[in-house]
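Participant: Chains as they are written, first to last, in the working numbering: chain A, 62 to 544; chain B, 62 to 544; chain C, 62 to 544.
There could be a bad hint or two in this list.
A pair holds if it fits inside one copy or across any two, identical chains being indistinguishable in the list.
[What the hints assert, rightly or not] Straight-line Cα separation of at most 25 Å, DMTMM-like style, residue types lysine to aspartate or glutamate; simulated pairs:
#, residue 1, residue 2
1, K123, E447
2, K81, D463
3, K199, E447
4, K415, D508
5, K81, D131
6, K290, E515
7, K290, E522
8, K412, E515
Simulated from the structure, these hints should not be mistaken for laboratory data.
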Amino acid sequence: IGLPLHQIQHCAGNFFGRQKNTNIRVSLPAVCFVWQIAMIILFGVFIRYNEESDVRKWIEFKHSHNITSDIENDFYFRYPSFQDVHVMIFVGFGFLMTFLKRYSFSGVGFNFLIAAFGLQWALLMQGWFHSLDPNTGKIYIGVENLINADFCVAGSLIAYGALLGKVSPVQLMVVTLFGVTLFAVEEYIILDLLHCRDAGGSMVIHAFGGYYGLAISWVLYRPNLHQSKRLNGSVYHSDVFAMIGTLFLWMFWPSFNSAITAHGDGQHRAVINTYLALASSVLTAVAISSMSQKRGKLDMVHIQNATLAGGVAMGTAAEFMITPYGSLIVGFCCGIISTFGYVFVTPFLEKYFKIQDTCGIHNLHAVPGMLGGFVGAIVAAAASVEVYGREGLIETFAFEGDFATRSVLTQGGYQAAGTCVAITFGLVGGALVGFILKFPIWGDPADDNCYDDEVYWEVPEDEETIPPVLEYNNHMIHKHQDM
Amino acid sequence: IGLPLHQIQHCAGNFFGRQKNTNIRVSLPAVCFVWQIAMIILFGVFIRYNEESDVRKWIEFKHSHNITSDIENDFYFRYPSFQDVHVMIFVGFGFLMTFLKRYSFSGVGFNFLIAAFGLQWALLMQGWFHSLDPNTGKIYIGVENLINADFCVAGSLIAYGALLGKVSPVQLMVVTLFGVTLFAVEEYIILDLLHCRDAGGSMVIHAFGGYYGLAISWVLYRPNLHQSKRLNGSVYHSDVFAMIGTLFLWMFWPSFNSAITAHGDGQHRAVINTYLALASSVLTAVAISSMSQKRGKLDMVHIQNATLAGGVAMGTAAEFMITPYGSLIVGFCCGIISTFGYVFVTPFLEKYFKIQDTCGIHNLHAVPGMLGGFVGAIVAAAASVEVYGREGLIETFAFEGDFATRSVLTQGGYQAAGTCVAITFGLVGGALVGFILKFPIWGDPADDNCYDDEVYWEVPEDEETIPPVLEYNNHMIHKHQDM
Amino acid sequence: IGLPLHQIQHCAGNFFGRQKNTNIRVSLPAVCFVWQIAMIILFGVFIRYNEESDVRKWIEFKHSHNITSDIENDFYFRYPSFQDVHVMIFVGFGFLMTFLKRYSFSGVGFNFLIAAFGLQWALLMQGWFHSLDPNTGKIYIGVENLINADFCVAGSLIAYGALLGKVSPVQLMVVTLFGVTLFAVEEYIILDLLHCRDAGGSMVIHAFGGYYGLAISWVLYRPNLHQSKRLNGSVYHSDVFAMIGTLFLWMFWPSFNSAITAHGDGQHRAVINTYLALASSVLTAVAISSMSQKRGKLDMVHIQNATLAGGVAMGTAAEFMITPYGSLIVGFCCGIISTFGYVFVTPFLEKYFKIQDTCGIHNLHAVPGMLGGFVGAIVAAAASVEVYGREGLIETFAFEGDFATRSVLTQGGYQAAGTCVAITFGLVGGALVGFILKFPIWGDPADDNCYDDEVYWEVPEDEETIPPVLEYNNHMIHKHQDM
């Protein structure tokens with residue numbers, strides 16, 4: 062009767078079924094060591110500096126291209142954006158996932174782990190598909206590769222959002238290994254074979270990552286997850302921590318969508334469009350959030366997430382001439398759709414589709430990413446020589462080489478097809494990875510033990526035990542005893 | 062005796078007077094939707110990409126100006142500074158206002174909302190006054206316009222600091238609508254008509270925003286605000302959150318003051334001057350804070366705010382040749398003045414002038430901004446050909462066109478006059494807006510209900526109810542005893 | 062029984078020895094004012110704008126060097142990196158030290174104070190040693206000087222990590238005054254006399270700063286520090302705050318190591334190398350952390366610190382052609398060594414060497430810094446014309462002037478010697494400063510009063526007294542009334 066709760070849970074676990082083993086003392090170090098050593102070997106074989114980061118080659122490059130100033134090095138065009146993207150990946154995604162009351166360590170910590178692994182694997186996978194030199198068999202990297210590696214990792218971090226609280230770090234490493242691999246393949250198909258444009262990754266990052274996570278979550282459905290319900294919610298300060306993530310994502314999203322667009326007007330325009338779409342989705346997210354609650358009270362979940370939908374939806378079209386008011390319209394619609402998703406669709410998906418989506422990535426990434434893909438298709442199809450100029454049209458859509466004769470209408474069709482490819486890869490790949498994760502060897506938590514840092518972290522004693530507080534209560538008690 | 066406190070408050074509210082209606086379920090969504098739709102329409106009519114963000118125009122621009130490299134696009138001169146300013150607006154101002162124990166959601170959340178609205182309105186208002194093309198009737202925007210929009214919003218965010226905890230989000234939208242409008246007008250008068258220089262906005266941003274907020278607060282004076290006294294203070298972790306705001310403001314202030322100064326030496330010098338003034342004001346703020354408390358203990362309010370005074374005060378003079386030690390002196394004095402303000406002037410203003418200034422914007426923005434305006438006037442008046450060179454003098458003070466013959470002494474006089482214009486606009490505009498906000502339709506909280514997120518937010522259950530906290534276990538145990 | 066704990070502590074303090082006087086109401090303001098005034102005077106005598114931040118000189122410089130575009134101003138090469146470094150110094154170091162349950166104000170606040178002082182003193186000290194113009198007797202500063210000043214301050218902030226919780230702010234000002242002075246001298250010896258390369262400061266910043274702090278801590282050994290044991294640990298949310306520091310350090314370390322490297326390929330390559338080393342050390346830190354705990358649970362201390370070891374260790378070699386897989390190997394090893402240090406070496410040092418190292422700077426800075434110095438020596442010694450090109454070798458190692466004939470092998474030897482100089486300066490300088498700090502005039506806390514913000518800060522009443530908690534107290538009261 063006086064048994065502590067966790068002992069009761071143990072009993073229940075033993076009674077109703079297999080007690081889950083969450084000991085990862087062998088599996089986690091093994092995965093980290095083996096995979097990191099593999100990275101070192103593969104980097105040794107394949108990865109070299111490119112002509113802008115190699116001292117000898119850069120000197121030769123400057124001579125041969127008649128460049129007089131180091132400022133022409135791509136580093137100066139892209140490094141500020143890269144750093145913003147880097148902040149989004151580690152602080153943005155990481156802190157956005159600290160909102161649960163007792164899962165902040167895992168939210169920010171596992172995000173850190175899998176991103177640090179994933180970006181190495183991404184440099185290799187993307188390198189093999191996009192920048193392998195056929196003569197030397199080497200991949201030559203520079204700052205643009207680092208940005209693309211961060212982008213590639215984002216797909217898996219989005220998937221983590223759906224799984225938050227229900228998987229072990231070893232499972233997350235597996236999710237990332239396959240996520241990065243699938244990403245590199247779908248990206249190759251969409252960008253190279255279909256020749257789509259997708260600088261901010263509405264399709265290749267958000268739609269793919271969103272459906273990848275949802276499919277995994279669908280396979281890993283836990284019918285008894287309500288046993289952990291007490292921990293599936295926020296406390297006051299965890300919601301404030303999550304706002305750090307939200308704001309750094311929101312502020313730096315213009316850098317995300319412009320990081321690898323064309324030098325000059327391309328980066329400039331992508332920033333303006335994203336900035337406007339984001340501003341617009343804040344207002345509509347607030348409006349729908351207020352409408353959906355009694356007395357018009359706002360819900361932190363909506364503010365933390367749906368305000369970002371405009372950035373997701375501009376991932377493809379940001380570099381196009383979508384016009385400033387076009388950007389506002391996209392943000393306007395996606396702020397509404399995303400908030401509606403949190404209010405109605407997430408509960409619906411859980412009840413009828415058996416998809417448990419902790420962070421609501423369906424509403425923030427999957428749907429806005431898909432819409433962003435189609436917005437890009439429409440804007441591409443509507444492009445005209447009048448607006449872009451002939452040279453500008455070629456530059457914006459890379460109508461060169463094999464694609465020199467492609468029309469904008471055809472381009473629009475391929476953009477739409479690319480969106481479908483991304484979704485398909487996410488759904489099929491996620492289902493496969495989900496089945497791999499069902500093997501009972503990964504150390505995932507029991508149904509009554511989810512959303513709890515205690516499982517994988519040494520959690521400090523509670524704040525309650527700080528002396529001043531005990532004293533205060535004692536003091537109160539004594540005072541009343543004295544009376 | 063067993064009644065929860067909030068029930069007692071309800072009773073008291075009903076007994077002593079009209080119970081305020083804080084239901085914003087109609088008004089907030091209405092304002093957000095209508096104004097956002099208005100933005101879309103106005104952007105559709107007026108806003109276009111400028112020649113550096115439009116693909117066709119940039120190609121033509123490069124041809125016509127004989128530019129060979131995209132690095133000459135203004136984007137690469139200003140984008141890193143823009144991103145820093147953006148962080149100041151959303152994380153800096155937002156987190157600085159999380160210091161109250163139960164108003165962190167509103168501090169960071171409403172700041173997010175009104176900044177996202179205000180920057181759209183600012184692009185229009187500033188566009189009409191500064192960059193409307195008379196031939197086409199269009200406003201052409203680029204990264205510099207985005208920076209200016211962020212600047213313009215800062216004025217209203219400063220005003221929010223004085224009102225924190227006492228107004229509804231609908232009122233804040235009104236404050237921002239009028240704040241941005243007034244800003245654009247005073248900015249036009251000061252920068253265009255009086256031809257003042259004010260790159261970091263000591264006058265147009267800080268003095269204006271500070272007095273604007275104080276005037277509103279004066280009109281909205283609440284004699285019974287002491288009924289909410291229990292919530293008008295910080296807790297340990299809310300003070301740490303506020304330090305995030307302080308530090309991002311402090312670190313990025315050099316970018317703020319240099320974001321729109323002249324390319325090359327102008328941006329370079331503004332950074333150095335601001336960096337030094339800020340460092341200096343940290344030391345004097347700490348000194349005065351320690352002197353003002355028994356046993357020399359420091360007060361977090363001073364560290365969070367007065368350390369920034371040097372940046373505010375360098376807003377005008379940062380781009381001038383004020384010399385490094387001149388910058389240190391400005392920071393030195395303003396750190397002292399600002400901290401004294403927190404210790405003595407804020408209580409004095411509340412008691413004798415009926416101005417309730419939650420964040421002490423009087424000490425951080427109004428007074429240092431005003432001083433910054435006068436410092437700018439003095440430094441301008443003292444400018445000489447010997448120090449600036451003839452070409453440099455023309456470049457720094459834009460002595461061109463109608464102003465080609467203006468002397469530095471005259472310029473100094475106009476700078477001082479500009480400061481007075483900013484203050485006047487703030488005071489008169491703020492008083493008017495204050496009266497508008499007194500209409501009983503805006504959903505503001507009752508006097509005993511201020512500084513409380515509960516009024517406008519779904520606040521999560523308290524940390525006390527997390528399982529490790531014994532009660533939950535007790536509860537489980539009792540349940541089992543009952544069985 | 063009813064005595065509050067702090068009264069018992071008072072009694073104990075009086076009984077067992079001298080009660081420490083922690084009143085700093087005179088000493089702290091005096092130090093701040095006098096030193097800040099000294100800075101103003103010295104800046105007035107010595108510091109001027111350089112030719113890239115002075116309006117007159119920049120115009121002349123452009124003419125004389127035939128520069129047509131302001132983008133050639135060093136500002137545009139270095140300012141984005143500078144801002145990242147600035148964030149590391151104030152948010153990175155500051156928040157990393159908020160991990161203690163009741164020392165977050167001091168962690169972030171004193172870091173702020175001493176960095177703001179130190180950077181001014183660093184501009185002077187480094188200026189006298191490195192950029193004093195012999196003709197004019199002036200120091201001319203630009204953005205590179207600001208970066209170097211931030212770097213110089215980092216040495217003292219590292220030392221603060223060892224002392225955290227045990228010293229007064231006045232003592233920290235002394236630590237910084239001498240720390241910056243020693244830094245400037247050792248830097249002059251290492252970079253100028255020995256002609257070492259150390260762009261990211263493995264030697265001059267981390268090894269020096271680490272051993273400087275450890276030596277001070279050794280002199281200030283407190284045998285009765287266990288009396289403050291109750292406060293020497295984290296709580297849940299303080300660990301999350303510390304992750305803000307960790308992540309901003311981790312993300313921006315590529316900027317740190319590349320901030321002052323050569324334009325073009327130099328900055329580009331340093332970023333790639335540091336990015337990879339950091340990613341690698343995350344995986345091995347996680348692996349060792351998991352292995353060292355029962356059930357494989359991760360320890361936040363390791364994640365917060367050891368993940369950064371790769372960045373420290375790449376401080377010297379980042380600008381060399383260490384190759385991408387070389388960077389991964391360095392990060393791999395240092396992640397292991399650093400985590401082992403936290404598990405085994407820190408307790409060992411405290412027990413047998415009487416060194417109390419609060420943040421474990423031995424494992425994060427001293428040892429990885431030293432290793433980084435030797436890695437740099439090896440990579441330098443292995444440099445070849447084949448890899449660097451003749452011109453590249455001269456550029457990378459500055460084999461010019463007096464050093465035009467130096468071989469790479471000799472260079473490697475000098476690099477190793479430089480590391481030893483840095484360690485020696487740290488140990489000897491730290492011991493001397495430690496003895497100065499032992500004078501009983503600095504207001505340091507008693508052994509039973511360490512790690513407590515109450516000593517130097519006005520700490521707000523506890524969260525417990527927020528209204529909802531009144532209910533909780535009512536509950537307690539009723540419970541006792543029932544008895």
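Participant: It remains to establish, for every hint, whether it holds in the given structure.
Facilitator: Hints, one by one, checked against the model:
1. For the identical chains of this complex, K123 and E447 are inter-copy neighbours only, at 18 Å across copies versus 36 Å inside a copy, given an alpha-carbon limit of 25 Å.
2. Taking identical chains as interchangeable, the C-alpha atoms of K81 and D463 are never at most 25 Å apart, the minima being 55 Å within one chain and 69 Å between chains.
3. For a Cα distance limit of 25 Å, the shortest separation of K199 from E447 across copies, 18 Å, qualifies, whereas the shortest one inside one copy, 42 Å, does not.
4. In the homo-oligomer, the alpha carbons of K415 and D508 lie at most 25 Å apart inside one protomer (15 Å), although the nearest pairing across protomers, at 47 Å, exceeds that limit.
5. In the homo-oligomer, the alpha carbons of K81 and D131 never lie at most 25 Å apart, since the shortest distance is 58 Å inside one protomer and 58 Å across protomers.
6. For the identical chains of this complex, K290 and E515 are neighbours both inside a copy (16 Å) and across copies (23 Å), given an alpha-carbon limit of 25 Å.
7. Both within a single protomer and between protomers do K290 and E522 lie at most 25 Å apart by alpha-carbon distance, with minima of 22 Å and 13 Å respectively.
8. For the identical chains of this complex, K412 and E515 are neighbours neither inside a copy (28 Å) nor across copies (30 Å), given an alpha-carbon limit of 25 Å.
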